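K.L.:
Numbered per the working numbering, the sequence shown spans residues 756 to 1118.
Beta-carbon label-pair distances, calculated as ranges:
| id | residue 1 | residue 2 | range |
| --- | --- | --- | --- |
| 1 | 926 | 1019 | 23 to 31 Å |
| 2 | 829 | 905 | 34 to 42 Å |
| 3 | 858 | 1054 | 46 to 54 Å |
Treat the hints as calculated values from the structure; they're not laboratory data.
In this text the structure is predicted, and so the values were computed from the model without any measurement.
Heads up, the beta-carbon is just placed ideally off N, CA and C, and yes, glycines get one too.
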Amino acid sequence: MRPRAGTGTGSTPHTLAFVESPVQLLNVLEWAHTQPPPHAQEESGAELTLVVLSPTDPMTRGQLRRMAELARDEGHAVRWEEARGGTTAPFRTIGGLAPLLRRARRVVMGDPFSRYVQLLLSITRATDLVVVDDGTATMEFVGQLARGERLVRWHRKGGRPGPRDLLFAPVSASARRRLTPSADTRVEVFSAMPVQDVPEGVTVTAHTFTWTRARFGPPRVTKGADMVGTSLVETGVVDADRYLEAVQALARAHGAARYFAHRRESADKLHRLAVETGLEVVRPDLPLELIARRGPIGRTVLSFPSTVVHTLPLALSGTDVRVAVCDIDPTWLTEHASPRAQGFLSGVTGTARDVHRLAAVMP
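Construct all of the structure, not just a fragment, from the sequences and the given hints.
P.N.:
This is the structure in structure tokens:
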């Protein structure tokens, strides 16, 4: 019988996974798919309980609900935590999870930069830690761990730490030490990204979307082109006007009809985009890798530098779909963008496999 949400199949969840986004949950399912079969899991203590640290954004919550259904269909227990539902929510969440954390043998996390996850790491005694992909952030995490740097998201790096950063610095430093392999701690990174400069002792396992390809598709491939949205405007990296001009130029050049919105893109920006470009804006109810694998999907998928230029070719392996990535022109960057934004975005594109690289479009 399938375990109920919030419970495990036994008295102790041997493996706890913490996710805050639909893609993180998808990648935990992919990681679980690579683990030993159920009878072997009982011997190795690999029974999995997924803990969703739910955000407040409605789009993200909706996708997480759908992904949680898929996780239950796979036989995993799911515990939904309203982790940001008011000022007392973090205390309730951490207090409720503390007993499970102390007993867990393995902890799987989707975002080692998350303050929530870093706090939870300070409680657990698990000797087996696994980091699954959270997009391009995985590349930055591995590099920072190797260099012994503080854990900071790439688009924030270069700015001065704020009061909250300074207050939280001891916890972040503790999390970095906890995620450093030792005689007592095994660290694995499960990634589809081209991670480099891997720290000594860290095991990197290739993530090839085997669960997604086994569960969905192959898709029906249409003749036209589809475009993938990005949240680079929302994170303050790219100027909104320049972004919309680039989207319009790219859509015209390649005959794109649909625009798959990133879950973090604002409603105002998407409305303006639809009006000015004529593209049909689609708000996916699942991560794009699953949407594309289910189909229908255009023969060409256009993207700016983002995670999907690495993940879509893997999820769509065996199909005729071509993924094309358009570089970000330096003139599109805002004055608030991190000094390393251009180099990081170029690296995301340059290290992508099985994609067609496009020059930055000129609006």
